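Engineer: If you read the protein sequences in the order shown, they are chains A and B. According to the working numbering, the first sequence holds residues 96 to 532 in order. According to the working numbering, the second sequence holds residues 96 to 532 in order.
Because the hints were derived from the structure by calculation, they are not lab data. Keep in mind that this is a model prediction, so the values were computed, not measured. Treat the hints with care, since some could be wrong.
Derived pair list, reagent style EDC-like, types lysine to aspartate or glutamate, alpha-carbon separation capped at 20 Å [to be verified]: (1) K274(A) x D248(B); (2) K311(B) x D248(B); (3) K250(B) x D276(B); (4) K274(A) x D129(B); (5) K274(B) x E132(A).
Far from chain A by the CB rule (all over 12 Å, computed), these chain B residues [as the list claims (entries may be wrong)]: (6) A122; (7) H153; (8) Q172; (9) S190; (10) A201; (11) L464.
Sample of chain B residues at the chain A side, in silico, Cβ under 10 Å [claimed, not checked]: (12) R101; (13) N400; (14) R429.
All residues carry an ideal CB built from backbone N, CA and C; glycine is no exception.
Number of protein chains: 2
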Amino acid sequence: MTDSPRAFVSEIVAAWPHLSENGRMQAFRSLTRDRREDLFLDLTAPEQSQLLLMLPEHERRTYLRVLPPDDSADLIQESPLETKEGLLALLDDKSRAEVLALLAYAEDDAGGLMNPRFARLRPDMTVDEAIAYLRLQGRNMETVYYAYVLGHDQKLLGVVSFRDLFTASGRARIDEVMKSDVVAVKENTDQEEVARLFSAHSLAAIPVIDPGGVMKGIVTIDDIVDVVQEEATEDIQKIGGMQALEGPYLETGFWEMVRKRAGWLAALFLGEMLTATAMSRYEAEISKAVVLAVFIPLIISSGGNSGSQASTLIIRSIALGEVTLRDWWRVARREVFSGVALGSVLAIIGFFRILIWQGVFHSYGDHYLLVALTVAFSLIGVVMFGTLAGSMLPFVLRRAGMDPASASAPFVATMVDVTGLVIYFTVAHLVLGGTLL
Amino acid sequence: MTDSPRAFVSEIVAAWPHLSENGRMQAFRSLTRDRREDLFLDLTAPEQSQLLLMLPEHERRTYLRVLPPDDSADLIQESPLETKEGLLALLDDKSRAEVLALLAYAEDDAGGLMNPRFARLRPDMTVDEAIAYLRLQGRNMETVYYAYVLGHDQKLLGVVSFRDLFTASGRARIDEVMKSDVVAVKENTDQEEVARLFSAHSLAAIPVIDPGGVMKGIVTIDDIVDVVQEEATEDIQKIGGMQALEGPYLETGFWEMVRKRAGWLAALFLGEMLTATAMSRYEAEISKAVVLAVFIPLIISSGGNSGSQASTLIIRSIALGEVTLRDWWRVARREVFSGVALGSVLAIIGFFRILIWQGVFHSYGDHYLLVALTVAFSLIGVVMFGTLAGSMLPFVLRRAGMDPASASAPFVATMVDVTGLVIYFTVAHLVLGGTLL
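Next comes chain A alone, as it looks inside the complex (with noise of 0.2 Å):
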């Protein structure tokens, strides 16, 4: 199939990002009409935007009429504020009535997501009435893999799949086929949200309904993969400690992008300048004993390590329902005892590795046992402390009413950084008193 048009379209598709404004428009050209319009479907809201925007108006009507209403509603909401005014006038006023309701939803709940056409029917149709009747009104669905049954209120009663349809006798009337226990979301429940159902209950669209079950819309599970990938591009850029960008690595502006980065940068900067609060505390202990000095990146940096680890495995767990707020002790528990059992394997490997140095090199002074001592047990310590700390902020921010994913790797390693400084000055203390302090 690598040689056909359509494939050429997808190889064009790809490549888009990577185009130059004129690039785009030869690439577009080059195409016969129908191809256009797969390649236009294909692109993303703010690509479809950015196109739409460089033809002349009459071809801008023609593309801006091909997508559904949900899919316009997105392309609106992604286009310069200037333009919009412009984009709605190229709809019909049905259309442009549809566009409208749904550009006042937010756009990360369900209402945002949705298609205000479905296929509908009566509860007292028969299946061979409703077979013909959404042949008639096929023209006017998106996708149709379900049939929503509406009473006269437009309340939802029911949902039969094209499955049910085909499976039923064609006598039986539809209230008898139909599902009357349907999975619903309301117009603002959170994408999110609405993606877990998605995947719980295996269905290809679910339907939004008001606080009084008057149906408003389907949203559809193609929808959804894009939210899933967003979300989780959210989560991963905030894990890694920076505002989530709106766009493409690349297709974001050098400055906005370094605005993004500097504001979390600086402000764990400014956080990490505790650690030289603390490190002027320990300077007499530095001067006694420089070769504490020499463990100071490993032990602060394991702190930091077994953080990011447990910070990361929670805020997933979080964001897939597999932990919630509820469950925070059996997590505290557990990630206790798992610091204990981390922080023992570093320690046994710090420990020899001193001794190992020492038998060489001779490098830490008569009092080598006394430091691998203070080592291993600074880093049971710290690995235990930042395991803890890095598994409860998620809970912490999630109660706060904050995205989980801010406990990111680097604001972990922060926090942990200066605890670890006091961890290991106090167990120098303890081991050392007497001989090197």
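With chain A held as given, fit chain B onto it using these hints.
Structural biologist: Frame of chain A, contents of chain B only:
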């Protein structure tokens, strides 16, 4: 809809990971026959397997037969080795043959995701005949969004959506209304690539064909939502610096989890030991100017933070196909400039922090201005190096055939720590040589 029994099933599904074996059994038994089926269908494959194996044999047979072949294959894949044979024996002959064929594919290939049952039509049928024929076929199809048109040799000729069928004239021939330019995948296409195709083309199902063009099955989009979530979870766990877990956090055994975290943590610790080696080389400098030790955590963590920002950003862009190997030079150039800009921001903050503290607490001795300059220049160097190393490492890993997500935040931080120390002490020599050093 919250008090309907369907909603109650959703509650049980959500609570499932938090229930004991006994509690699961009780919840299951508390439902009517139909609801039990709903519950079973909504569980994940490992949960289904665990529940099934708790049931007596005649019930096992009933529930196993509710699943379409691709889901049965997943369930059997997830079951303990000694139970697989027994479960396969519960299937009817046709299903068993299908499941065995599916089990032969790698789990994360298109072949491992596909359902061998799909709606098929002949090119020379009329639309009316096709609709009548589909009504007969219905019982054997998991999902009917599209019907596939096959020639006598079972080669894929085209596809008709139900919408096409419903809107076409009843007398038209199928080969007149079908789309012959089909987006299809091979059996060994990676599931990430399949997910990208779904997202790019807004499809509900994609046909799987063998090298000769013979149609083998379909991958449906509801399976892809799970794939996308799984792949993102794997990436996030790797970015957090650990091996990906295979199941939810609370269901993973304690020692298995410790093992998956200890491996990377120990590897990072061994890498981080280079900092101790580097620090040993600078012991003389530290004893001459203890004030230098004060800023070590601040400097190295800034490098680590900027590095993990850059690496997570690039890892995700590569995973989404926004950035490819060919873009490495564009990214490198961009990240060098970002690094200088971000480093300068931190340098300015750090410089004034030292001047202010000196003014208030007189912390840093006579040469405080030179110390401040050392810190500032080091920050620019370290952040630039961190940003560049963090952004290039995912490319290097991809080039070497490894997963870019292994360029975890902790991995990058460790890499940058050692270099950070070298940069810091080199700058210190240049700026403070003749005064403090």
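Engineer: Please settle this one: A201(B) was flagged as non-interface, so is its CB more than 12 Å from every CB on chain A?
Structural biologist: holds (22 Å)
Engineer: Once the shortest beta carbon distance from R101(B) to chain A is found, is it less than 10 Å?
Structural biologist: holds (4 Å)
Engineer: Given the hint that K274(A) pairs with D129(B), does the C-alpha gap stay at or below 20 Å?
Structural biologist: Distance ~12 Å between K274(A) and D129(B) Cα, so the pair holds.
Engineer: Does the alpha-carbon distance linking K274(B) and E132(A) stay inside the 20 Å limit?
Structural biologist: Judged against 20 Å, a Cα distance of about 14 Å means the pair holds.
Engineer: Given the hint that K274(A) pairs with D248(B), does the C-alpha gap stay at or below 20 Å?
Structural biologist: Violated: K274(A) and D248(B) sit about 39 Å apart, past 20 Å.
Engineer: Does the structure keep K250(B) and D276(B) at a Cα separation of 20 Å or less?
Structural biologist: holds (13 Å)
Engineer: With chain A as the partner, please determine if R429(B) meets the hint condition of a C-beta pair closer than 10 Å.
Structural biologist: holds (7 Å)
Engineer: Check whether the Cα positions of K311(B) and D248(B) lie no farther apart than 20 Å.
Structural biologist: Status holds; Cα separation ~12 Å.
Engineer: Beyond 12 Å on every Cβ pair: is that true for A122(B) relative to chain A?
Structural biologist: It holds; A122(B) is separated from chain A by about 15 Å at its closest Cβ, greater than 12 Å.
Engineer: Beyond 12 Å on every Cβ pair: is that true for H153(B) relative to chain A?
Structural biologist: holds (26 Å)
Engineer: Taking the least C-beta to C-beta distance, is N400(B) closer than 10 Å to chain A?
Structural biologist: holds (4 Å)
Engineer: Could you let me know if the closest chain A CB is still more than 12 Å away from the CB of S190(B)?
Structural biologist: The claim holds: S190(B) sits with its nearest Cβ about 18 Å from chain A, beyond 12 Å.
Hint compliance for this structure: hint 1 is the single one not met.
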